[in-house]
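Line by line, the protein sequences give chains W and F.
The numbering of the first sequence is this note's numbering, which starts it at 1 and goes up by one.
The numbering of the second sequence is this note's numbering, which starts it at 1001 and goes up by one.
Wrong hints could be hidden among the right ones.
With a straight-line cut-off of 30 Å between C-alpha atoms, the simulated DSS-like cross-links for lysine-lysine are [stated by the list, open to error]: (1) 68(W) - 1057(F); (2) 42(W) - 1014(F); (3) 42(W) - 1009(F); (4) 1071(F) - 1057(F); (5) 1057(F) - 42(W); (6) 42(W) - 1071(F).
Keep in mind the hints are simulated off the structure, nothing from the lab.
These are the residues of each chain, in order.
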Amino acid sequence: KQEVTQIPAALSVPEGENLVLNCSFTDSAIYNLQWFRQDPGKGLTSLLLIQSSQREQTSGRLNASLDKSSGRSTLYIAASQPGDSATYLCAAGRLTGNQFYFGTGTSLTVIP
Amino acid sequence: NAGVTQTPKFQVLKTGQSMTLQCAQDMNHNSMYWYRQDPGMGLRLIYYSASEGTTDKGEVPNGYNVSRLNKREFSLRLESAAPSQTSVYFCASSEGARYLYGYTFGSGTRLTVV
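Next up, chain W with everything else stripped away, as it sits in the complex (with noise of 0.2 Å):
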């Protein structure tokens, strides 16, 4: 079974500030991962899959890196604002199999 874990569970940083959430998954032999993003009570909200072939995918002020060999992910928040604030989800799918494996989430709080 894939295990991802999210660290830490929880940031709070001033507006403007660039970051990085992290991301680790156990088994390397995936095929690809996501990130989610998700507000108190709502559902998730796709913002970027990465390919196993791929390294990193951006979008806007967010860029998001992936390194298999290492178990790990990042995603890089650029210049952050208060409406970034929510929690951040990864999953891993692996290449058997046809579900993704989630991590528990960084709940990202921006102080303005």
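Dock chain F against chain W, hints included.
Below, chain F alone, put in the same frame as chain W:
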């Protein structure tokens, strides 16, 4: 807007009652999934349907049944609800079961069993 639609959004059940959670997607996706989200546990897969006509158990299937009614719809049934099934339930879909495709999620059903 295209996406995944879940009904109902909220539900309170008494122990032993039954209910069906509905999910429909309009993106012509092949695969559909049911997850539950509990505090400190992350999302865990209950059942999935890789394609129309097939269903398979996930990590936590006990106490649940599913039906892939057609390509668009995938329902989750609780036959005899228990307090341990109090959770937020999410339906998701993807274009294919593997490799290239990520998930699109519904907005969730918050279920309380008393």
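How the hints compare with the structure:
1. 68(W) - 1057(F): Holds, because 27 Å separates the two Cα atoms, which is no more than 30 Å.
2. 42(W) - 1014(F): The given pair, whose Cα atoms are some 24 Å apart, holds under the 30 Å limit.
3. 42(W) - 1009(F): This hinted pair holds, its Cα atoms lying about 10 Å apart.
4. 1071(F) - 1057(F): 18 Å, holds
5. 1057(F) - 42(W): Between residue 1057(F) and residue 42(W) the Cα gap is close to 25 Å, so the pair holds against 30 Å.
6. 42(W) - 1071(F): 25 Å, holds
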